[in-house]
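Peer 1: Top to bottom, those sequences are chains A and B. Take 1 as the starting number for the first sequence in the working numbering and just add one per residue. Take 1 as the starting number for the second sequence in the working numbering and just add one per residue.
The set of hints was computed from the structure by calculation and includes no laboratory data. Check the hints yourself; a few may be wrong.
With a straight-line cut-off of 30 Å between C-alpha atoms, the simulated DSSO-like cross-links for lysine-lysine are [to be verified]: (1) Lys618(A) - Lys454(A); (2) Lys314(A) - Lys185(B); (3) Lys327(A) - Lys135(B); (4) Lys71(B) - Lys7(A); (5) Lys135(B) - Lys16(A); (6) Lys14(B) - Lys7(A); (7) Lys75(B) - Lys7(A); (8) Lys454(A) - Lys167(A); (9) Lys257(A) - Lys232(A); (10) Lys75(B) - Lys327(A); (11) Lys75(B) - Lys314(A); (12) Lys17(A) - Lys29(B); (13) Lys71(B) - Lys314(A); (14) Lys3(B) - Lys706(A); (15) Lys135(B) - Lys17(A); (16) Lys119(B) - Lys71(B); (17) Lys531(A) - Lys135(B); (18) Lys3(B) - Lys7(A); (19) Lys693(A) - Lys29(B); (20) Lys16(A) - Lys134(B); (21) Lys7(A) - Lys205(B); (22) Lys114(B) - Lys706(A); (23) Lys314(A) - Lys112(B); (24) Lys232(A) - Lys452(A); (25) Lys75(B) - Lys134(B); (26) Lys119(B) - Lys314(A); (27) Lys423(A) - Lys134(B); (28) Lys7(A) - Lys17(B); (29) Lys185(B) - Lys7(A); (30) Lys14(B) - Lys327(A); (31) Lys3(B) - Lys17(B).
A few chain A residues that don't get close to chain B, going by computed Cβ distances all over 12 Å [stated by the list, open to error]: (32) Glu3; (33) Ile318; (34) Arg319; (35) Tyr734.
We put the beta carbon where it would ideally sit given N, CA and C, even for glycine.
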Amino acid sequence: MFENYLKTALRNLLQKKIFSLINISGFAIGICAVVFILHYVQFNLSYDDYHQNADRIFRVSVVSQIKGSDDFDSPVFTPPIGPAMLKDFPEIENYTRYRTARPENLIYNNNTYKIEDVAFAENTFFNLFSVEFISGNPSSCLSAPNQIALSKSTAGKIFGSENPIGKIISAENNENYTVTGVYEDAPKNSELRFNGIASFKTLYKNVNGNAMGWNGGHQYMTYVLLKKDSYKKSVEEKFPSFMWSNINKYFEGIGVKYSAYLQPLKDIHTEYSENAKGLKTNIMIFSIIALFIILLACINFINLFMARSIKRNKEIGIRKVLGAHRKDILYQFITESSLLIVVSAAVAVFLSAAALPVYNRFTGQEFTFLNLLNIKLIISALLAVGLLCLSAGFYPSFVLSSFQPAQIIKKPLFNRPGKITLKGALVVFQFAISIALIICTLLINNQLDYIKEKELGFDKENQICISLSGRRMKAEYGSMKAEMLKIKGVVNAAVSSGIPVNGFTSNGYSPEGFQNPIMINVVDAEPDFLKTYNIPLITGRNFFPESLADKDAYLVNEAFARKMNWKDPVGKEIERNGIHTIIGVVKDFNFASLHDRIAPLIITCNPEMGEYDYMTVKIKSPELISVISSIRNVYNSFSDGMPMDYTFIDESLQKVYEQESIFREIFTCFAFIAVVIALLGILGLTLFAVERKKKEIAIRKALGAKIAGITLLISKQFSLWIILANIIAWPAAYYFIKKWLADYAYTAEISFLSFILAAAGVFVISLIIICFYIIRAAINNPVESLKYE
Amino acid sequence: MIKLINIEKYYTNKLIKTYVLRNIELEIKEGEFISVMGPSGAGKSTLLNIIGMLDTPSNGEYYFYNEPVHKMNEKKLNELHKNHIGFVFQQYHLIDELTVYENLETPLLYQKVKTDQRKGRIAEILDRFNMVAKKDLFPNQLSGGQQQLVAVARAIIGNPKLILADEPTGNLHSGQGREIMQILKKLNEDGTTIIQVTHNEENAKYGNRIIKLADGWIEK
């Protein structure tokens, strides 16, 4: 029986090439999109689930509540919280902490290697987390100061084929490290991918106990391992009293309160990491679009299937006469739709392989085709496909199988005109999705263009930013800058503690009239900073160059003055480790991404840590290449062999929005696919409408109707559908885009034009398709269509 | 074998009943060969469809081997119809996507006949109708007469007790028509009950009883 169904299905598939093609391409693209979305979701949910103790590991995060500032949640805290928890909480089996990972310049055999993400941790790191050691002893390799364990790839980079164990490498800060272990690189789905882990004790061997105390530096991540029968909740219940006795009671007087809570290890990536919000948005938006694509494909399938039913009716009738029960017909059509979907799934496999590079660019990962072929993904994809077979196949099968054979055999069923048919509703839905997606695409592009073009309040063109590295360079930056300025083509240069790309650090300050410190962004910059970045001064004056007189003076931005409600901030005072007088106000500039409003800012010319980290060199554009090599020469004469690390400010700014531009590309691409699928559906329906109306067209023509009149007659219905679709699509698109824009502090206007454009675009293209076929049918000699009747 | 008591069929459109069949009283015995005749629109095909269980009457009682068809559910109807009744149509109604062999196979599949038996029966009937060479052809590769031959073969392959033929020779030229009628006559002689609808006096003579329909009534 099944064989019989399969034969009919296959022969039908091959005979009706256009319809098979429309359906298969729609389903294949839909399945492909779903596979990628599933993989994306699965991959992101699988972060750090490979650790043996993953279910019992939690990261300690602390919400800082400081009077006058917004609450601030961060897992980066002072170091003693871990040991104290182990002592006070019976639920805790073990803990580990590490200093947040940073890049380090490691020197071996006089070669300098810039190694990203080097952390300082304790041996317990390897007790909590599953790290596979290739050589060295995980329980002792970080026991003494100046020891380091390296990942396999890092060890390979530095030592090649040499055995790294026991070798000495030195770091920029003149510390020497003995390599005591080599471990396998962490898998891609880990938040704990360190290229090197140096012993925690190194950091503090020369420092007195203070920095290790509760009021020490906020630079440490703490993870705890709960005992097998313990619960997160019972630990968290004790946190308030724990935090009170250890830290809050001392800080209460200055209006600071810390509240700790636990973050489950496996949830960190999707819930608590820096990218969690963007990740969730991406997952949501792309899931919706993938669903839409599948839906559109299903609608095409259902509509085309139903449209063809007039022809299939005869077969159904005969089969019923031959003894088929309704159930048999149902099975047959479900087999048929399943076959189509299985073929589409096969096509989707190839499509996925072809689209993999795009996916990799989007995720920033390097997945191979084999990564996609994991069991979980295959099972969920099969489930999705199975569900699709049932849902897409069921409706038309159900309807078709219900026809009475006696009626079908005698004469075909006629569609009653003027009724709101399911087909109409589905087409309206299809148009609505297409129009809404086009509107969103246009508006998303609008917004991202706006961000790209927006005046940031500082000069971002031709600015080279160099990281200062090494003691010597940081000390002698003045002479280096003087050398830079001698280069022909260099206009200006200035050192600073940060660059206006990703935001500046913040510290607690007590402005006049404030009892307690509030968190305010700060950048340490020498006087030339304003000139180099072309940031205008509104009132007051800049710092005097090379004068110690201004070492306690502050510049502030307009946002600061606004927040303090100060009409004339010059002369006002701010307290932080002494009294600082405001000498001037600079015009607001966007020093962070455009997701945030310009925040209050303090500019000092006296770096707290005594060092600047960056030098920005403003150059004239035409001499770019030769200028960079001259800059490199100057750099090298101060660098003690460290390679120059530089970026262009405008390029770095682009990188801030890289995720967004990839988002834009993917969204546009998905929207395009969805619209194409919808239009394919319209094409299919038009073909059928024309096929069915051939006789009507011929009769009308024989009676003297003009082609234009006939075209109008048939396109009238489609036009009505498109108008209805717009009524649904506009508010939906508006709602979505409003939500999406809420994430930006600076937004482009929502242009009405985009709505009109989308509606008109869909209307015109559909009309062209419809008219093309109708006119083709209408031009035919009416006798052609009539004589076969 | 068949007993129709006061069978009526009508369609309601805007509260107006349009009758197709009225007050049909009919008894058919096993082994009869009946020709139903009458002008267009007299209700011949409707009567045939009701007897064939493809359509349900609006009123009346229908007994098939003394079983009340008018009271049966869909499943029981389907069982009865697929195991006892074969159909032949004027337009042949073969499945275009299936070959001759597969067309013949289809009713057996619905009757859930086992593979070996099925193959045997198809081979036998192909042989009997001289169509072995044509078994892998599709309907559109055959002439009208050949198609109707396949349709007849398909109708009898399940060994039905009753064959209903709706103008089986209507689309054929006289030579082919005679061939089909001969086959039906032979089947009748072998014990199969046959009811045919026809316009053709000559064909009607193959039967041993003629029922005349006019405007939904049986003419006495």
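Peer 1: CA of Lys14(B) to CA of Lys7(A), is that 30 Å or under?
Peer 2: violated (44 Å)
Peer 1: Is it the case that Tyr734(A) keeps its Cβ farther than 12 Å from each residue Cβ in chain B?
Peer 2: holds (46 Å)
Peer 1: Say whether it holds or is violated: Glu3(A) keeps its Cβ farther than 12 Å from all Cβ of chain B.
Peer 2: Non-interface label fails for Glu3(A): nearest chain B Cβ at 9 Å, not farther than 12 Å.
Peer 1: Please verify whether Lys135(B) and Lys16(A) have alpha carbons no more than 30 Å apart.
Peer 2: holds (24 Å)
Peer 1: Taken at face value, is the distance from the CA of Lys314(A) to the CA of Lys75(B) at most 30 Å?
Peer 2: Within the cut-off at roughly 22 Å; holds.
Peer 1: For Lys119(B) and Lys71(B), compute the direct alpha-carbon distance and say whether it is at most 30 Å.
Peer 2: Cα-Cα ~36 Å, so violated.
Peer 1: Need the status of pair Lys423(A), Lys134(B): alpha-carbon distance at most 30 Å?
Peer 2: Violated, because 41 Å separates the two Cα atoms, which is more than 30 Å.
Peer 1: Run the distance test for Lys257(A) versus Lys232(A): straight-line Cα separation, threshold 30 Å.
Peer 2: Answer holds: Lys257(A) to Lys232(A) is near 22 Å, not above 30 Å.
Peer 1: Given the proposed pairing of Lys75(B) with Lys327(A), does the C-alpha separation stay at or below 30 Å?
Peer 2: holds (10 Å)
Peer 1: For Lys75(B) and Lys7(A), compute the direct alpha-carbon distance and say whether it is at most 30 Å.
Peer 2: Holds - the C-alpha atoms of Lys7(A) and Lys75(B) are around 26 Å apart, at most 30 Å.
Peer 1: With the threshold set at 30 Å, check whether the alpha-carbon distance from Lys185(B) to Lys7(A) stays at or below it.
Peer 2: Violated. Lys185(B) to Lys7(A) sits at ~35 Å, over the 30 Å cutoff.
Peer 1: Are Lys232(A) and Lys452(A) close enough, with their CA atoms no more than 30 Å apart?
Peer 2: violated (45 Å)
Hint check: violations occur at hints 4, 6, 8, 12, 14, 16, 17, 18, 19, 21, 22, 24, 25, 27, 28, 29, 30, 32, 33 and 34; the rest are consistent with the structure.
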